[in-house]
Structures are given as structure tokens and as C-alpha cells.
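Protein chains: 2
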Amino acid sequence: MERLVMKFGGSSLKDLEKIKSASDIILEKSKTEEVVVVVSAMGDSTNELLDMAHALSTTPSKRELDMLVSTGENKSAALLAIHLNEAGHKAVALTGFQAGFQSDGVHGKNKITDVNIERIENHLRQNEIVVVTGFQGINPLGDITTFGRGGSDTSAVALAVKLNAKCAIYTDVSGIYSIDPRIYSDAKKLNVVTYEELMEMAHLGTKVIEPRSVELAYKFNVPMEILLNDGKTKGTKVLEAYDMEDTKLTSVSKLDDVVLVIIHDTKDVNISNIFLELAKENVNVDIISHTRLNDRKEVTFTSEKSSIEDTKRVLTELNLDYEIKDNLSKVSIVGTAMRSQVGIAAQVFELFVKEDIFFYEISTSEISISYVVDSKIADDVVIKLGKHFEL
Amino acid sequence: MERLVMKFGGSSLKDLEKIKSASDIILEKSKTEEVVVVVSAMGDSTNELLDMAHALSTTPSKRELDMLVSTGENKSAALLAIHLNEAGHKAVALTGFQAGFQSDGVHGKNKITDVNIERIENHLRQNEIVVVTGFQGINPLGDITTFGRGGSDTSAVALAVKLNAKCAIYTDVSGIYSIDPRIYSDAKKLNVVTYEELMEMAHLGTKVIEPRSVELAYKFNVPMEILLNDGKTKGTKVLEAYDMEDTKLTSVSKLDDVVLVIIHDTKDVNISNIFLELAKENVNVDIISHTRLNDRKEVTFTSEKSSIEDTKRVLTELNLDYEIKDNLSKVSIVGTAMRSQVGIAAQVFELFVKEDIFFYEISTSEISISYVVDSKIADDVVIKLGKHFEL
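Here the protein sequences come in this chain order: A and B.
The UniProt record's numbering applies: residue 1 is where the first sequence begins, and numbers increase by one.
The UniProt record's numbering applies: residue 1 is where the second sequence begins, and numbers increase by one.
Chain A on its own, in the form it takes in the complex (with noise of 0.2 Å):
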């Protein structure tokens, strides 16, 4: 048989119902694979828990904040294997220190070290479905950790690495489309997309799925496929690259909730020991750019919202000049045409003169170019590229 790691997010377990209808799935898949299925906490319960600790402190010990999250994927995992065991094939849940991943890093943002299969092995040998708790680990000290936002789909294809196995992630919409259908309504969902297309798709804002977990699949070409959650529809399937022929753009991608920075006249400073600095405090800095203007010099760099407070700390304490603005979007258009079309940017300068659209800072990689623009035109601007570049 061949194996199969099925990935539930918390939308797909959000109740008991929708419990019920991932284990008809699960069975359906279990006649014809061995399976390992990896679960997120119920619904919106992650954030629960994250409520009640930050009503209870200010700064909540991360350490703490880990095994607290930790119990939603334990709840989730245990009820799933209960009705599995009750409609009839032997299940058995498993904590992630229960399941063998081993991690390390800070808590919150753990990295998976190694994931040690044995006892899912011995669990899949006598026929049973194996439920692990996605998100989740254990670090050298003993202590539970966590792997950071999306960190189940991290926990999936690690399995499937580790097993050999195939991934497919269970999702609440029916897989991954050229543009946000919330957003642009004549968006196409995408029958095929390209490993490093969907990478950057998702750190471009894509939120069906994380982009460390497509790095993952993309390092040891798991084969992926990405579905809605009522085991009918077709999804997307993840591959490494087109047909020859086929090289037309993929997708535009929004990511809402980034803030700009701009340091001052940082002439004296030296600009690396800001961004190291930065690291220390787990600050994401994306697109950095550096002005000289005479003698005059300026950084600018976009972060997240959620980083504000730590940016702001080691600036000060640096000394420095800066300012912050915030309500920014980035707008991204991805696709592996890119490599093969020239052209594509300045397509897109043309459309936003045309059409009046103000930018504040532009980023390129091989198959993406990312806008930052206000959050309010954000919406707009996505619709007038997927009409341009009709997607």
C-alpha cells in the first residue's frame, strides 16, 4: 500500500460535525493507503488560548504560551481518533513528543529537527490510523514546543518526508487560486502550480498554506495536493515544473498588516548591526532598500504589524532616527513566466501610471515582483493586475 499523510486544518475540525465528516474522509482514503493524518487545534481554539494568557499578562512566558496552545491539537487529535475507533477502524492519537518530532529554537517559533518515525511505524504495522497533533514538538530540555503560525502544514510534510509518503492538505477552500476569490470574484483556481510558485505565493500572502511547508515538500519532492475539506472536489496539485510550453502567469497574491521603516541619516551607523539585532528579537524584515542622498544616508525595510513593539525597542536602543508607517499591503504577482517573459514589470509601471496607483517600495525575485502600497487601494490594485494579466 501506498502511504498517505492527510493534513486537517483547525476550519476542517472547527466542531464535532465537521469532525465526523474528516474521519468519512480519512476511512475512504484508508481503504486503499496506509494513512497518517496530522490535525490543528479546533476552529479558532488556538486563539482562544492565546486570549486568555494575554488577559492574564501583558508579556506571557513563551515557554508556558507553548504547552497552553499545545492542548488544542491534543483535544483535536484524541476526539478524531475516538470517532475513528468508534466507526470502526483502530486509531491511535499522538501527542508531537509521542510521534518523535524533535525540535529546537525559540519557543514559539520552533524548527523541526528530526521527526523520529519509530512508533508510527509499529502503529502502521498493526493496521491502525495514526492521528498526530500538527504544530507541536518536543525540544532537548523535555519542554513542549511549538512551530509558529501554520506550523501543521510544517508537521505534514515532514511526516510525509520521513515516511515516504504522499501530502495532501485538507483546507476550507477547494485549492489554490490565481487570485483571493474574496477579493476579485472571476479568480481561476489553478488545476497545477509549480513548488516554488506556491512558495511564493504564500509568503506573498497566500494563506492557504505555510511557505516553510512548501519549502520542505520542494527540498524532497513530496508529492502535494491541496483540497477542500469534503472529500469530493478536485484540488491543486504541486509540481516541480510545467510543460514546456505552458509559462503564463500564476497568481497575485495580497499580504496585508505590513509596516514600512525608515531610518534617518544613518551615516555613522553600521547598517548590518541593525539587522542583526533585529534577528536577535525574531524580527522579519523583508524588503530592504538604502538611499545616499550627498552625505546623507537612509534605510528603509518593511516588517509585520505583530513586530512593531520589538522594532521599535531595538531602534531606540540603537540610538537611531526612525520612523514608522503602518496600513501597508503588498501586492505580488508570481509565476515562473517571469523567467522566460521580459517585460512583465514594466507592464505593470505602465498599468499603475495609467491607472494612478502610488507605491512605496517595489521587490523582485525571479518569478515575483511585490508592490508595498496603502492597505486601502491594496484590494483595487489586485483587481486591476488580475484583469490586466487575466488570471
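Among the clues, some could well be false.
Any copy, or any two copies together, can satisfy a pair, since identical chains are not distinguished.
Restricting the straight-line Cα-Cα distance to at most 27 Å, the calculated cross-link-like pairs of lysine-lysine (BS3-like) are [claimed, not checked]: (1) K109 with K90; (2) K14 with K280; (3) K297 with K162; (4) K14 with K62; (5) K29 with K62.
Treat the hints as calculated values from the structure; they're not laboratory data.
The hints should help you fit chain B onto chain A, whose structure is shown.
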């Protein structure tokens, strides 16, 4: 510094405000003692989790039930540690397995085999308050186990034994009463009680504390106190023995949900076999009586309502002719005084005849007498006994 294990039950942690109050009491104690805290799940959350499991399955797999309900204590321990840290005292939350609780037995009814306190000792050396999840441990397979009803009390006492600490049990009543004040409003609070009496009272229906935990405290002579969760009211201290002259009766307890099982005509049946089979199904058998009339034999025993289904299955498989009577309660009077005072049973018989009280079974121990009566008259019997013995 002396060491203190403080146990907070579900009602003492039922919401964020209660967690803050518990935190205040703990911080006050931590000024003069090394403190380890044992917590139950918040409020009624264990039952809510069990309800979800039963909505998904008529007989939820017991291993997964343990994993499910253990999330309750993980949540309360993490939240309490988060608040202690916020309030300025370093604190760390440990799950059952991190705190070294080793266990063995049947899922849902595990027994503690040992507590490896190395990690707790490390945290105490670093002047941290250690918050430990009660009720749960790990078995030799690495699975999460729970210790059955009231298991958090047993966790607390077991830790006190290993840490050579005193043990304070915080509850929502202000100590141990001679009679449940909800039944008999004139009941007196006891300043002291002996381990033996408290053990009998707990077995016989006093719900404030779990009998296993008192047994353990008695065996290892752990100084123990039962207190109100307000941090002010004087509680009830548990002693090895009273002063010589102090020989009154201590309490009247009531235990509801008792069932009486009557097995007719057992002349061809190996009776020990019946109880062996019941024990295999973890049916708790309490009062057993055996009557022989001519060549007919009849066996009766009392058990718990929750075991009715298991009991029926065993007796039916053994082809026995039986009937079950439910809606019964067991009313018990307890006191080491019984050892030295004769005629307590005689006084009760006289009272029951005078008041026309019918009982189904009677059972005596060295320091208690129990009567099985219809539940609908049980409270009235408790009050009459309380008045008669001036409790």
C-alpha cells in the same frame, strides 16, 4: 525553607479571576516556603471534554480519553504559571510526564508507581514556583494516563511524600464538616480529624477529598490541611490521633448513586468466580452479604450506578438470575470513638426503629457503620443521626 505542596481543585481555578486569586495565595506562601502547586482542570472542563467524546462514540477508546482530558490540567497549569510570572515570581508549568509521574494500570484508572522528582528539584533550586498538572502521568509505553476521579489529590500527596513536604488542599469549602452543611445546616466544621476518620469519610461520601490521597498521606505521615481557597479561613488539619480523652463521633457522610444487586439461587455457582469476573471489569463491589435459606443461597452486593452496564454484562454472561435495585444511598457514621465506645450500633438501631427508617444493608468497620437506604429518605436519615449524636 520548608516545602509545601498546594493543590487547587477545579472550582478554585474555574475562571481567570479564580486563577488570579489562587496566584495571590501561592505568592504569599512562596515568601516563606518552597512551593510546588498541583492543579486540576478549570471548573467543569473535564466533564465538557468527556461530553464531546461521548457525542462522538458510545464507548470512547480509553487511551484517547486520557489524552483528551489531560489537556484540561495542561491548560490550567500553563495559565497559572503565566500569571505567576506576570505577578513577578519565576514559575514553570510541568505536565505529568515532565514532572516525572510514572504510572501503570488501566487507562482512566491508573495508579502512580513512582515520581521522578529530579526536574522539580532543579526548578526549586532555581527559586522557581513549580506548577504541576494533577491527575495525569505517563505509562511505560509513553502514553498519557489519568488517575481516576479525584486523582489530583493523590498527585499532590505523592509529590509531598517524595519532596518531604507538607500538603495543603485548597477547595471551595472551608474544611471538613461533621456532616455536609448543604444537608444539615447546623453541621460543625472540624478543626482536626484523624487520617483514619478522613479516609473513612472520603470513602463513605465526603466529596472534599479523594480517599486514596488520604491513605497515602497516612502511610507516609504527610502533614496535611484542607482549606478554603480564600487564603484566610482556618481549615481542617489532619492528625494521626486525637488526645486520649477526645472520643466523640466525628461525622455522618452520605454517598448517592448506590445500587444493590441481588443474585438468586446461587447453589451451583462458584461465588468467588462472580467477584473475580466483576473485578476484571473494574466494577467496584462494596458491601457483600450472603444468605442461605434451606437449600437456596442468595448473594447481594452494593456497587456504583456507573458500573451497572458492566455488572449486567458479567452476570448475564455467567447465566445468573439477578435483579438490580437503584436509587439507593449509603449513610455512614464515622469516628475513632467507636473503638472505645460500645453500643453505637445499638443506639442507631433503636433510633431507626423509633423513626421507622428502613435499610437494605448494613456494614461495619472498626471506625464506621454504614446503612443502605432509599435515596429519597437519605438526607432525612443524615439529619436525624446528626441531631442524635450532636454533631
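To see whether the hints hold, each was checked on the structure:
no.: 1; hint: K109 with K90; verdict: between (33 Å within a copy, 22 Å between copies)
no.: 2; hint: K14 with K280; verdict: neither (36 Å within a copy, 38 Å between copies)
no.: 3; hint: K297 with K162; verdict: neither (49 Å within a copy, 64 Å between copies)
no.: 4; hint: K14 with K62; verdict: both (25 Å within a copy, 23 Å between copies)
no.: 5; hint: K29 with K62; verdict: between (38 Å within a copy, 25 Å between copies)
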